[in-house]
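> Single-letter residue listing:
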Amino acid sequence: MKILLIIPAYNEEENILNTCINIDQYNKNNNKNIEYVVINDGSTDNTLKILRENKLNHVNLIKNLGIGGAVQTGYKYAYENGYDIAIQFDGDGQHDVNYVEKICKPIIDGQADMVIGTRYLDKTESKFQSTFMRRLGSNIISFFIRLFCGKKITDPTSGFRAANKLVIEKFAKEYPTEYPEPESTVQLLVNKNRIMEVPVSMNERAGGVSSIRFGKTVDYMVKVVLAIIIDSISFRRKRRKK
Amino acid sequence: MHNSLKIALIVILLMYIFIILKSVKKKNMRINYLIFWCITGIILIIALLVPNFVDNVSKFLGFELPINMIFSFAIFIVLYLIFDLTKLITKEQNKNITLIQEISILKKRVEELEKNNKKE
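Taken in sequence, the protein lines are chains W and U.
Taking this note's numbering, the leading residue of the first sequence gets 42, the next gets one more, and so forth.
Taking this note's numbering, the leading residue of the second sequence gets 190, the next gets one more, and so forth.
What the hints contain is simulated information worked out from the structure, not anything from laboratory work.
Glycine included, C-beta positions come from ideal geometry on N, C-alpha and C.
Any given hint could turn out to be false.
Said to hold, decoys possible - Restraint-style ranges between C-beta atoms, simulated for each label pair:
#1 U:Asn221 / W:Arg278: 42 to 50 Å
#2 W:Met42 / U:Glu291: 20 to 28 Å
#3 U:Leu274 / W:Ile103: 23 to 31 Å
#4 U:Asn221 / W:Glu219: 40 to 48 Å
#5 W:Asp86 / U:Gly230: 17 to 25 Å
#6 W:Asn71 / U:Asn221: 34 to 42 Å
#7 W:Asn59 / U:Ile208: 51 to 59 Å
#8 U:Gly230 / W:Arg278: 34 to 42 Å
#9 U:Ile232 / W:Asn87: 43 to 51 Å
#10 W:Arg281 / U:Leu274: 37 to 45 Å
#11 W:Gly151 / U:Ile264: 52 to 60 Å
#12 W:Glu219 / U:Phe272: 32 to 40 Å
#13 W:Phe173 / U:Cys227: 17 to 25 Å
What the hints assert, rightly or not - In the DSBU-like style, the derived pairs of lysine-lysine whose C-alpha atoms are separated by at most 30 Å in a straight line are:
#14 U:Lys195 / W:Lys104
#15 W:Lys233 / U:Lys297
#16 W:Lys96 / U:Lys297
#17 U:Lys297 / W:Lys206
#18 U:Lys248 / W:Lys69
#19 U:Lys195 / U:Lys276
#20 U:Lys308 / W:Lys206
#21 W:Lys104 / W:Lys233
#22 W:Lys43 / W:Lys257
Said to hold, decoys possible - Listed below are several chain U residues computed to face chain W (Cβ distance under 8 Å; list not exhaustive):
#23 Val243
#24 Lys284
#25 Ile286
#26 Ile289
#27 Gln290
#28 Ser293
#29 Ile294
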């Protein structure tokens, strides 16, 4: 099984090296061979320099695309290089490489096409349960996905997710770049792909600034809900056409 | 229409035609948009040169004042044009994203190949 971690990085000079060292360490300790590719999304700080100097495997986007476009580049890379599983993994130290095995298991067993690492499923599991506002937002998005796609996804904004070969190919060809996490979930659900959730623990950001700021939360929520509604209609139409 | 207003409009129209012809020559506009601007120009010429054209048409369509007709038509056309342009921008944005992704991946492959070549 060829496993690839897709690590999108925008101005992550503080964390990116540690993230990659952690992965290498994990491989050494557990006798595993998990590969990774850092997608440098047109960072304006020293991220690219760090990637080059330490010879970390990376793709350097020639212009800034935003998280969705960066992650899709990773899926394209995975598709072209024939990986069996691609895992989205944050470069800021939020995600723990020790959970990679857990998140891959349903895919290896053939139980799911995509697995989402969820913060909320098991309360004892996660040290970082995130703020009240974030949970409220997650619940609202979750409600609308259930309403339009008929399946409950408890953590639709989680960026820690694994995809099998089928989904890699799908995402390489078409990936929603505006609100990628909830929208891609809808895309798969409408197309009757199997999504499974696995409880994981996430850390608080080690450094840098989160991409979601408080002031934009309401604006974000309204647009995401709209995107879910529009997607569930348009992906359904596309499926019928096929 | 006032004579001075008429003269001013004719001057503007001549400039308009000049600009369109210039972009035909330079080929810096897609035929689709060019056709749109040409038709707009022709309608303007007719409205100016045919006496009482605007008044008659607006009376025929039931507008109280000719200016109301001009404004509402202009607004509808502008709205349509903006809608069309936002659609176009989205399409171009998507193409742009794909281009940036493919070029970046290609660049990585080229760098790797060059490195391998040097080793040999």
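> All the hints need checking, so say for each whether the structure fits it.
Hints and how they fare:
1. U:Asn221 / W:Arg278: 42 to 50 Å: At 26 Å between Cβs, range violated.
2. W:Met42 / U:Glu291: 20 to 28 Å: holds, 27 Å
3. U:Leu274 / W:Ile103: 23 to 31 Å: holds, 26 Å
4. U:Asn221 / W:Glu219: 40 to 48 Å: violated, 27 Å
5. W:Asp86 / U:Gly230: 17 to 25 Å: violated, 51 Å
6. W:Asn71 / U:Asn221: 34 to 42 Å: For Asn71 (chain W) and Asn221 (chain U) the Cβ distance comes to about 59 Å; the hint is violated.
7. W:Asn59 / U:Ile208: 51 to 59 Å: holds, 58 Å
8. U:Gly230 / W:Arg278: 34 to 42 Å: holds, 39 Å
9. U:Ile232 / W:Asn87: 43 to 51 Å: violated, 58 Å
10. W:Arg281 / U:Leu274: 37 to 45 Å: violated, 30 Å
11. W:Gly151 / U:Ile264: 52 to 60 Å: holds, 58 Å
12. W:Glu219 / U:Phe272: 32 to 40 Å: Between Glu219 (chain W) and Phe272 (chain U), where Cβ atoms are some 19 Å apart, the hint is violated.
13. W:Phe173 / U:Cys227: 17 to 25 Å: violated, 59 Å
14. U:Lys195 / W:Lys104: violated, 51 Å
15. W:Lys233 / U:Lys297: Measuring from Cα to Cα gives roughly 35 Å; hence the hint is violated.
16. W:Lys96 / U:Lys297: holds, 13 Å
17. U:Lys297 / W:Lys206: Judged against 30 Å, a Cα distance of about 22 Å means the pair holds.
18. U:Lys248 / W:Lys69: Not satisfied, since the Cα-Cα distance of roughly 85 Å exceeds 30 Å.
19. U:Lys195 / U:Lys276: Since the Cα atoms of Lys195 (chain U) and Lys276 (chain U) sit roughly 37 Å apart, the hinted pair is violated (cutoff 30 Å).
20. U:Lys308 / W:Lys206: At roughly 33 Å apart (the allowed maximum being 30 Å), Lys206 (chain W) and Lys308 (chain U) break the hint.
21. W:Lys104 / W:Lys233: violated, 34 Å
22. W:Lys43 / W:Lys257: Not OK: Lys43 (chain W) and Lys257 (chain W) at ~38 Å, beyond 30 Å, violated.
23. Val243: violated, 42 Å
24. Lys284: Hint violated; Lys284 (chain U) Cβ to chain W Cβ min 12 Å, cut 8 Å.
25. Ile286: holds, 5 Å
26. Ile289: holds, 5 Å
27. Gln290: Hint holds; Gln290 (chain U) Cβ to chain W Cβ min 5 Å, cut 8 Å.
28. Ser293: holds, 5 Å
29. Ile294: holds, 6 Å
Comparing the model with each earlier hint shows violations of hints 1, 4, 5, 6, 9, 10, 12, 13, 14, 15, 18, 19, 20, 21, 22, 23 and 24; every other hint is respected.
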